[in-house]
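Residue numbers (my numbering), protein chains in the order written: chain A, 1 to 284; chain B, 1 to 252.
These are computed hints drawn from the structure, not numbers from a lab. Among these hints, one or two may not hold up.
Listed below are several chain B residues computed to face chain A (Cβ distance under 7 Å; list not exhaustive) [what the hints assert, rightly or not]:
no. : residue
1   : Trp22
2   : Ser40
3   : Ala41
4   : Tyr92
5   : Arg145
6   : Asp148
7   : Ile150
8   : Thr157
9   : Asp202
Stretch-level coverage of chain A by chain B, calculated; a stretch enters the list once three of its residues show a Cβ under 8 Å from a Cβ in chain B [claimed, not checked]:
no. : stretch
10  : 34-40
11  : 117-125
Remember, it's a predicted structure, so these values are computed and weren't measured experimentally. Note that CB positions come from ideal geometry on N, CA and C, so glycine has one too.
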Amino acid sequence: MLPETVASDRATRADEQAGHPVLAARDVVKSYLARGGESVVLDHVDLDVADGDFLTIVGPSGCGKTTMLQLLAGLSPVTSGSVRFAGTVVESPPPGVVYVFQQFAKSIFPWRTVLDNVVFGLERDRGIDRRRRTEIGREMLGRVGLEAYERHYPGQLSGGMQQRLAIARALATSPRVLLMDEPFSALDALTRAKLQKLVLDLWRSLGITVVFVTHDIEEALLLSTRVVALRKSPATVDIDLRVDFAHPRNPVTLGEDPRFLAMRRQLLDSIYRQEGLSYEDGAR
Amino acid sequence: MIRRLSLRATGIGLIVLLVVAWELAVRLQLVDSPSIPSFSASVAALVGGITDGTLPVAMGETLSRVLVGYVVAVVAAVVVGALMGTSRFVYYLLEPVTELLRPIPSAAYIPIAILLLGVGSEMKIAVIALTSFFPVVLSTCGGVRSVDPILVDTGRTLGYGPLGRLRRIVLPSALPETLTGMRVALGIALIVGIVSEMLAGDTGIGYLILESQRIFQVPLMFAGIITLALVGYLLNLAFVRVESHLLRWRTA
Chain A
1 MLPETVASDR
11 ATRADEQAGH
21 PVLAARDVVK
31 SYLARGGESV
41 VLDHVDLDVA
51 DGDFLTIVGP
61 SGCGKTTMLQ
71 LLAGLSPVTS
81 GSVRFAGTVV
91 ESPPPGVVYV
101 FQQFAKSIFP
111 WRTVLDNVVF
121 GLERDRGIDR
131 RRRTEIGREM
141 LGRVGLEAYE
151 RHYPGQLSGG
161 MQQRLAIARA
171 LATSPRVLLM
181 DEPFSALDAL
191 TRAKLQKLVL
201 DLWRSLGITV
211 VFVTHDIEEA
221 LLLSTRVVAL
231 RKSPATVDID
241 LRVDFAHPRN
251 PVTLGEDPRF
261 LAMRRQLLDS
271 IYRQEGLSYE
281 DGAR
Chain B
1 MIRRLSLRAT
11 GIGLIVLLVV
21 AWELAVRLQL
31 VDSPSIPSFS
41 ASVAALVGGI
51 TDGTLPVAMG
61 ETLSRVLVGY
71 VVAVVAAVVV
81 GALMGTSRFV
91 YYLLEPVTEL
101 LRPIPSAAYI
111 PIAILLLGVG
121 SEMKIAVIAL
131 TSFFPVVLST
141 CGGVRSVDPI
151 LVDTGRTLGY
161 GPLGRLRRIV
171 LPSALPETLT
181 GMRVALGIAL
191 IVGIVSEMLA
201 GDTGIGYLIL
211 ESQRIFQVPL
221 MFAGIITLAL
231 VGYLLNLAFV
241 RVESHLLRWR
251 TA
């Protein structure tokens, strides 16, 4: 069962859908004052995220993937241009958009039990009493397979379980958009595969929009409905691919699909070129 | 487990040994001063002082001042420490002053306080509060400054404003450091409370100890000191209990 707030959100969403992007970045510039002058991380980037999409941003290291995600989250201000969530300009983190950090272990409150971590975002809402909070918290822990650990402290959990907890905590607030910054890069391959499946299942069953950042091209193609590759200097959108394989996708057979391989090559070419990697084996 | 228990027993054995040595030294007249009472005489004075109410009343006067001053200090220090830890302006405003005042031995504030506030409870509470303020302010400030920014950003993305983040993320995260400062401050508060009574006024266990010595009621003096040892031990024990409950997530 879904938390009611998600269900009612869904209804209003249908009305305003009319093709409007849920997140829209327009002409976004982000620069930092670094030693020796201004360093431009993002240079006039446009990006629309359609409602319900699973959009993944890839690119060479240092191309501004994480920065882009933080601008979309309202965690960091744009230097110029604008970010809009559901039509409203984002100036601070808007309710309805939740960010999951790459260093998830550092984002979990070690002094709170697993259940108290999950309901953290709900404690702000005076309309939700304690009983209802616990109900939603347990429901979310069930969805990520942590129901048996609600009284544990985070220090007692493995890395994969901590990441499940971070995801459950984000989803407990019934967001429309989940932003995930390289969420699985610190996990072993098998745990990563399990969590990829979990996130896909949650995306499909909750009907949320996901914006995902990774440096792993195969992960991007396995998960996403759309992949955007950023390039550095100038830091703009290089490639914008629609990935229309039907869900659920089988990671084993998908990897053999010629269209998958063509997309993979296109994306890898872009990244390798920018990283200055060239292979003189004559392959085209 | 058994090994730990037997180690405990050796420590307690040493205390028993020291007490026996005290008793024997006095009885065999190994101590030069005729006014030093034996341990048994001191315990008799302790029992007498407790039953006639002298010791509980004096200890109560001291403890109430110590606790009031301590609580005021902790509350103020957590607020100021949080401000110093979150605002660069407040930090650079207050850091030099605290660093300058902190090394002054706490008892040295008492003469100034007597001039300003007299010899009564107000003076004592004020000095207790002032001197136990510093360790808590510095430890809280340090704890607040070392909060992981990802923890704070987690609060932002989950919709908390600055006050909500302070209350629910920054202060809880700094709690281990704050408690370390609070433990140091508790010791200081007790010392300053007693020294202030020895220097001014005619109430409290500090005054009782000094006065008993002056009028040659030395067993009562020792009874007062034993009372202080027991109360200090119990206070620390209570503090450690509360601390390990609040920080139970660390050992989990």
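Exercise for the section: Of all the hints given earlier, name the ones this structure violates by number, lowest first. Expected result: 1, 2, 3, 4, 5, 9 and 10
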